[in-house]
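K.L.:
Which chain is which? The protein sequence lines are A and B, in order. Counting from 520, one number per residue, gives the positions in the first sequence under the numbering used here. Counting from 520, one number per residue, gives the positions in the second sequence under the numbering used here.
Mixed in with the good hints there might be a few duds.
Note that the list lumps identical chains together, so a pair holds whenever it fits in one copy or between two copies.
[To be verified] For lysine-lysine, the following DSS-like pairs were computed, each having C-alpha atoms within a straight-line distance of at most 27 Å:
1) Lys833 <-> Lys880
2) Lys942 <-> Lys726
3) Lys942 <-> Lys962
4) Lys559 <-> Lys576
5) Lys787 <-> Lys760
6) Lys787 <-> Lys591
7) Lys985 <-> Lys818
8) Lys818 <-> Lys880
9) Lys818 <-> Lys873
10) Lys892 <-> Lys910
11) Lys729 <-> Lys850
12) Lys818 <-> Lys770
13) Lys556 <-> Lys770
14) Lys910 <-> Lys942
15) Lys833 <-> Lys873
16) Lys554 <-> Lys761
17) Lys833 <-> Lys866
18) Lys816 <-> Lys850
19) Lys723 <-> Lys611
20) Lys833 <-> Lys850
21) Lys559 <-> Lys715
22) Lys723 <-> Lys567
23) Lys850 <-> Lys873
Keep in mind the hints are simulated off the structure, nothing from the lab. Note that the coordinates shown come from a computational prediction; the quantities given were computed from them, not determined experimentally.
Number of protein chains: 2
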Amino acid sequence: MNEISNNKYAVILAGGVGSRFWPLSRELEPKQFLKLKGNKSLLQQTVKRITPFIAPKNIYIVANCRHNFEIKRQVENFFIPEANIILEPEGKNTAPAIGLAARFIIKQDPDAIMFVFPSDHFISNNTSFLGVLKQAEILAGKDYLVTLGIPPTMPHTGYGYIKIQTIDHRPQTIDLKSKNRQAKYKAYRVEKFVEKPDRVKAEKYFKDKKYFWNSGMFIWKAKVILDEITAYLPELAAKLKKIDTADINEKTWKRIPAISLDYGILEKSKRTAVVAAKDIGWSDLGSWPALAELLAKDKNGNTIQADSIDIGSKNTAVFGEPRLIATIGLKDLIISDTPDALLVCDKSRAEEVKEIVRILKQNRRKEHSIHTKVKRPWGTYTVLNSGIGFKVKLVEVLPHKRLSLQRHIQRSEHWVVVEGEAKITNKKNTLYLNTNESTYIPKKGIHCLENPIDIPLKIIEVQCGKYLEEDDIQRLEDEYGRSAGK
Amino acid sequence: MNEISNNKYAVILAGGVGSRFWPLSRELEPKQFLKLKGNKSLLQQTVKRITPFIAPKNIYIVANCRHNFEIKRQVENFFIPEANIILEPEGKNTAPAIGLAARFIIKQDPDAIMFVFPSDHFISNNTSFLGVLKQAEILAGKDYLVTLGIPPTMPHTGYGYIKIQTIDHRPQTIDLKSKNRQAKYKAYRVEKFVEKPDRVKAEKYFKDKKYFWNSGMFIWKAKVILDEITAYLPELAAKLKKIDTADINEKTWKRIPAISLDYGILEKSKRTAVVAAKDIGWSDLGSWPALAELLAKDKNGNTIQADSIDIGSKNTAVFGEPRLIATIGLKDLIISDTPDALLVCDKSRAEEVKEIVRILKQNRRKEHSIHTKVKRPWGTYTVLNSGIGFKVKLVEVLPHKRLSLQRHIQRSEHWVVVEGEAKITNKKNTLYLNTNESTYIPKKGIHCLENPIDIPLKIIEVQCGKYLEEDDIQRLEDEYGRSAGK
């Protein structure tokens, strides 16, 4: 078998919101985009992990359309074709996302084997992981719907469980021996998928040894999963057929039912199998304490990733920048500090971070949605200060990127270049400004800002006007296909 | 007796650092300047509290010279003569400060009675307080050194105690009856002053009923305290005589020994008395938890003075602005958040905040010293952002105030007026800039910024240059008598 054979396809599910890592995660910067451990984001780690096994041209990513530019930026160095980034007009849970991706893939290869991965998990042992995938591939070739099962290390109540089939209490393994050697990772027929248990059931499952945690990683033929969707979710199957993969229609997509693949298919299918994914060093990073567990600790059990001074705290994790965080005598806490929002939370109640996010959304605030530093296709902007009639921004433009040709009806702007060099269109003039040079963009003046050189450009923008919101923008030309206010 | 008789003088000791309220308090904004409870600072409350009793022209304030402008701004509406603000070149504890103030006062009035108050305590019942002062004044008139004693409400280990004299276990009260009525507040001869006790001794003192807390409020004749200083601290007395009250020489002052009046005089003097200052609602606000005690609580015992969302916390106090603070499941914590530093502290260990301040100082940081928003005699500035070669400031100039005529050798500045109106000297030109207008101050260009009108002026200043510290300033004229970099 060729390491990178052509019928292997990956589907990375990157549409998640990841509100449990608030305030570090926001709607526009969900967990999969964050560098929680290491110098790559979880999404980037997910892609990198599978590239020894699956060709970049066969890697698909399903994401929410609002993350369009960030997804592309995140994976730009992996040679994934832009057409492989499937943008859902809105999140519809896993079954529609996987069904849609299967339709993309089957068009490329009717015999495709699909490997489905969440984009926001952590795996420390890639060698074991790839070994597990190879076993799973063999099973998928025999038309099984394969799930990677994680051998439980504790009676966790936060995961779904997979019970394996037994006859006379003997687990029903599936023979995966290759010619010359034993299979390293065992495979079993599945008796049933069970939802997140309560504490008592979790204890029972843990002791029973016939249960695995459901990792949400799946392997199957594209054809088989589409057949199963037709069999068990005929409405979804019918609606998916109406979607043009070249141009996903927003209205058609909105009528698709939101349903999880676990509930809609796996709990019903007769073709399910599980591979025991032991030793892969898996964590779903489901919460702040799960992250703290993965990171280095000092002798008092503290994890400090901040400019911090501590006196006598224990089992406490402190995340934040750039501010100084002083802690005294804390126990079992999570502190996560960002420029506009701070979380201080007892570790045992970290699940309730989601509730904070819900309250913020309900109160129509912005701290659940965007960071102070807002990402744009051309770079970032950060609101430094604002008052009645003015707003001050730091605008950072990536090398050779350009903002749209635009104008504002209600505000004028003063620009001072503080780093790099700017090419500026101001009305009919083109200016090249160096550091320590400035220009004034009057109300209604058509203008454009561009970084013409190889190093980042920073300008300080002082806006003056009665109305200073992002939607006061008329785009006359935009490289990124955006209309007003995006 | 006239309510405001002319021989009553107040001395407010305002030289304290108040590091226990870090990060809200800083070296340049110590506790006495903060509005911890109510809309006046503790210093302002102290002044206001005594003005029904002591004429403003007789109120003296002893402070550290580095708080010169802030002290004057704080008390500008109280009609205290500027000459009454005594600025110590450096803090020397209470005995030199009180001795120096006594020398000022005795020059005004050889029969002066001096009322000495800390500037950073809280008193809720002013009527009772003034009653206590009247009793104390009578005693002081009889040449006693009077301390206001607070009847203990718990076995506190953070205060010094005053033991009253007894004969056959009977307290030795001093008869203070006026002709027509009983004295409302009892007065006693003092047996001894004792330092902060340990837990066991504090329990004993509390049960014993013959102890008061030492409030640090003293009443005596200026002549008597100077005599006592001569008797018990002859070195200090000699050195104080060398100080010219019209112009305190820095070198002479530095040679003065730092010593507390309690230790140097009160523990030794035979003339000490204490007035039982009951029902005055006193708190020394010695720590964050002491403040939390004074403020309103919700039904779970939480005090929230921040933009905050809480789920299920108890007995926790949250202070901060402007950021959102989300708290989940906390117990007995203090959170104090400021733009550049955050404190999260177990209430039982709030004393250790001082240790954080000590570490910051030792590490030559700035978070113990100044806030992001820095006060100046003419207004404030706030650093909004900085990078290699640039710094962005919001500069706020109070109505009709002016910065010095100055120049910078290593930086140029871009100014954009965003609120109000500016009168600007730029080289030889005088400009009047309105909102949404800008100017450029070149390197070495002599310039001046002034707010010529009745409303505040805000400008955004973008500095560009290789060296951007505050000490790159040459002052050619300054209304406030400052030299470079102050």
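K.L.:
Could you run down the list of hints and mark each one as holding or not?
P.N.:
Checked hints:
no., hint, verdict
1, Lys833 <-> Lys880, "between (33 Å within a copy, 25 Å between copies)"
2, Lys942 <-> Lys726, "neither (67 Å within a copy, 79 Å between copies)"
3, Lys942 <-> Lys962, "both (19 Å within a copy, 24 Å between copies)"
4, Lys559 <-> Lys576, "within (21 Å within a copy, 67 Å between copies)"
5, Lys787 <-> Lys760, "within (22 Å within a copy, 97 Å between copies)"
6, Lys787 <-> Lys591, "neither (36 Å within a copy, 79 Å between copies)"
7, Lys985 <-> Lys818, "neither (55 Å within a copy, 42 Å between copies)"
8, Lys818 <-> Lys880, "between (39 Å within a copy, 26 Å between copies)"
9, Lys818 <-> Lys873, "between (30 Å within a copy, 24 Å between copies)"
10, Lys892 <-> Lys910, "both (14 Å within a copy, 18 Å between copies)"
11, Lys729 <-> Lys850, "neither (36 Å within a copy, 40 Å between copies)"
12, Lys818 <-> Lys770, "neither (56 Å within a copy, 49 Å between copies)"
13, Lys556 <-> Lys770, "neither (38 Å within a copy, 56 Å between copies)"
14, Lys910 <-> Lys942, "both (23 Å within a copy, 22 Å between copies)"
15, Lys833 <-> Lys873, "both (25 Å within a copy, 20 Å between copies)"
16, Lys554 <-> Lys761, "neither (37 Å within a copy, 65 Å between copies)"
17, Lys833 <-> Lys866, "both (12 Å within a copy, 15 Å between copies)"
18, Lys816 <-> Lys850, "both (14 Å within a copy, 23 Å between copies)"
19, Lys723 <-> Lys611, "neither (33 Å within a copy, 69 Å between copies)"
20, Lys833 <-> Lys850, "both (5 Å within a copy, 15 Å between copies)"
21, Lys559 <-> Lys715, "neither (30 Å within a copy, 55 Å between copies)"
22, Lys723 <-> Lys567, "neither (37 Å within a copy, 69 Å between copies)"
23, Lys850 <-> Lys873, "both (22 Å within a copy, 20 Å between copies)"
In this structure, the earlier hints numbered 2, 6, 7, 11, 12, 13, 16, 19, 21, 22 are contradicted, and the remaining ones agree with it.
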